[in-house]
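Number of protein chains: 2
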Amino acid sequence: MEKPILGGVEAGGTKVVCVVGRGPDELLAEERIPTTTPAETLASVVDFFRATEAQHGRCTAFGIASFGPLDLDPRSPTWGCLRQTPKPGWERTDLVTPLRKAFGTPVAIDTDVNGAGLAEVLWGAGRGAGCLVYFTVGTGIGGGAIVNGEPLHGLSHPEMGHIRVPYYRGDETFKGTCPFHGDCVEGLASGSAILARWGTPAESLPADHPAWELLGFYLAHLCLSATMLFSPHIIVMGGGVMKSQPLLPAVRRWTQRLLAGYVQLSTLEGSLERYIVPPALGDRAGVLGALALAARAH
Amino acid sequence: MEKPILGGVEAGGTKVVCVVGRGPDELLAEERIPTTTPAETLASVVDFFRATEAQHGRCTAFGIASFGPLDLDPRSPTWGCLRQTPKPGWERTDLVTPLRKAFGTPVAIDTDVNGAGLAEVLWGAGRGAGCLVYFTVGTGIGGGAIVNGEPLHGLSHPEMGHIRVPYYRGDETFKGTCPFHGDCVEGLASGSAILARWGTPAESLPADHPAWELLGFYLAHLCLSATMLFSPHIIVMGGGVMKSQPLLPAVRRWTQRLLAGYVQLSTLEGSLERYIVPPALGDRAGVLGALALAARAH
Numbered sequence: 001m002e003k004p005i006l007g008g009v010e011a012g013g014t015k016v017v018c019v020v021g022r023g024p025d026e027l028l029a030e031e032r033i034p035t036t037t038p039a040e041t042l043a044s045v046v047d048f049f050r051a052t053e054a055q056h057g058r059c060t061a062f063g064i065a066s067f068g069p070l071d072l073d074p075r076s077p078t079w080g081c082l083r084q085t086p087k088p089g090w091e092r093t094d095l096v097t098p099l100r101k102a103f104g105t106p107v108a109i110d111t112d113v114n115g116a117g118l119a120e121v122l123w124g125a126g127r128g129a130g131c132l133v134y135f136t137v138g139t140g141i142g143g144g145a146i147v148n149g150e151p152l153h154g155l156s157h158p159e160m161g162h163i164r165v166p167y168y169r170g171d172e173t174f175k176g177t178c179p180f181h182g183d184c185v186e187g188l189a190s191g192s193a194i195l196a197r198w199g200t201p202a203e204s205l206p207a208d209h210p211a212w213e214l215l216g217f218y219l220a221h222l223c224l225s226a227t228m229l230f231s232p233h234i235i236v237m238g239g240g241v242m243k244s245q246p247l248l249p250a251v252r253r254w255t256q257r258l259l260a261g262y263v264q265l266s267t268l269e270g271s272l273e274r275y276i277v278p279p280a281l282g283d284r285a286g287v288l289g290a291l292a293l294a295a296r297a298h
Numbered sequence: 001m002e003k004p005i006l007g008g009v010e011a012g013g014t015k016v017v018c019v020v021g022r023g024p025d026e027l028l029a030e031e032r033i034p035t036t037t038p039a040e041t042l043a044s045v046v047d048f049f050r051a052t053e054a055q056h057g058r059c060t061a062f063g064i065a066s067f068g069p070l071d072l073d074p075r076s077p078t079w080g081c082l083r084q085t086p087k088p089g090w091e092r093t094d095l096v097t098p099l100r101k102a103f104g105t106p107v108a109i110d111t112d113v114n115g116a117g118l119a120e121v122l123w124g125a126g127r128g129a130g131c132l133v134y135f136t137v138g139t140g141i142g143g144g145a146i147v148n149g150e151p152l153h154g155l156s157h158p159e160m161g162h163i164r165v166p167y168y169r170g171d172e173t174f175k176g177t178c179p180f181h182g183d184c185v186e187g188l189a190s191g192s193a194i195l196a197r198w199g200t201p202a203e204s205l206p207a208d209h210p211a212w213e214l215l216g217f218y219l220a221h222l223c224l225s226a227t228m229l230f231s232p233h234i235i236v237m238g239g240g241v242m243k244s245q246p247l248l249p250a251v252r253r254w255t256q257r258l259l260a261g262y263v264q265l266s267t268l269e270g271s272l273e274r275y276i277v278p279p280a281l282g283d284r285a286g287v288l289g290a291l292a293l294a295a296r297a298h
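Quick mapping for you: the protein sequence lines, in order, are chains F and A. Each residue of the first sequence is one higher than the one before, counting from 1 in the numbering used here. Each residue of the second sequence is one higher than the one before, counting from 1 in the numbering used here.
Check the hints yourself; a few may be wrong.
[Stated by the list, open to error] Label pairs and their in silico Cβ distance ranges:
#	chain 1	residue 1	chain 2	residue 2	range
1	A	201	F	203	50 to 56 Å
2	A	79	F	203	44 to 50 Å
3	A	173	F	40	54 to 60 Å
4	F	267	A	51	41 to 47 Å
5	A	50	F	25	55 to 61 Å
6	F	206	A	149	48 to 54 Å
FYI, nobody ran anything at the bench for these hints, they're computed from the structure. All C-beta atoms, glycine included, are put in the ideal place defined by N, C-alpha and C.
With the hints as constraints, model all of the structure from the sequences given.
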């Protein structure tokens, strides 16, 4: 039996990536749409799927992996809408209804990080993992968790970047860039924080810059907290900032030091190379996350 | 149809509590056994259930809610055994086999906190919650999570007390009492830390003692981390230290301050009285946790 055709929408603050496909290795069409106004952007999304429908047939389900915060409470009348967001004009935007109205097929929605985590469990670095934590370190810092194949939700969705951790020695005067918390992990170690500290994006910092130890320290506290709270099988760290070569080894080194041998498991011994890993799906984790959500909805 | 008879074993460092019953309101027998050597203690446990079997019939399943760390990997040959523990003589003790051999019925095992959390989801403060986090603050600090009705595990089980958080202002000279990490939350805010700081147990500290603000601050960071990583529906805080009246309000106050309005949900508004709560099952959460595990095994 041929696999069903699925539609995926990765909604980001600057662009929306739409794909149609039967799975990660069978993509049939893809388009990048700039994120402008909600009305214009969502109309372009619907247009894309109408055009691909003519060519490939109707998608049996859609998945939306979006920036947040989102209302994901299934009992809420505003399920599938953005909550308060700093993105102008997008507050309370209903992301689900335009697709559902246009095509009449199921539409799933989740955070971009929960989507990416799900894709990594289905097709990537954490295939079959009972518990996977996915972090993204970019302009902001977010995290999602997949527990027994299900993206984790409760009252709302996780906001993992906003925990507080100790200051790196000598860094106490930096107040952090998070508009809500100042010195939460996002405020201390995100792309925005890097820009505020050193006036340059992560990719311009040389390999011997002290930034990597400092960032490794903060992000390791995130990994430590995830380890102690979830005991996950694997932690996947994606996002633009993580692409800088010196960072992942620094995160692993600091995490190892912070664990201090407490959890005696073979995966947590040595240099944590099997435990804290980059996304196997690379830059595709986001859009394949949307496809993974569609697969679940179907 | 009559409900099945279940056996519960709450295994603690100083005592083991065994119960037989059909549910929290239908307990048929109970006994407290001092924790001495593994052989003696586990023989007494089996003896108790033999005696109750004669009177009430055989238990259809057993649940063990134990101190840890435990091997809970179902593929491990040492599943159901204690791992390295400071409790003399108990390292690598097999908790499951004595009961299974004696009675031939299913035996479930989990951490005491996962058990207590499950009991609170089934019968207590978080009835039906999709995501509940249970903390215990006693000699040590532990935490468990119930996600979609299942106790959370991954590589191992959570060890929530061992995250690092910022120091309370002025407390930086206290090195903490955790033998592994020093100043993790357990090292800074457990009963052992209280004794080390003030030379007296929590219950002897007066209501106007500065301890409550300090402890509230540290435990609020635990609640903040749980909120940001899990987005739970409810956080339940049990354990001997939490019984001191001034503590829970201090934890709620600090958590509210740390959240800083970031997650805009009605449950997280105001004084968090519906969000951070004592166990509805009170001191029974532990032993009913064991019974809840038995109910799942059955």
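Flag every earlier hint the structure violates by its number, smallest first.
none
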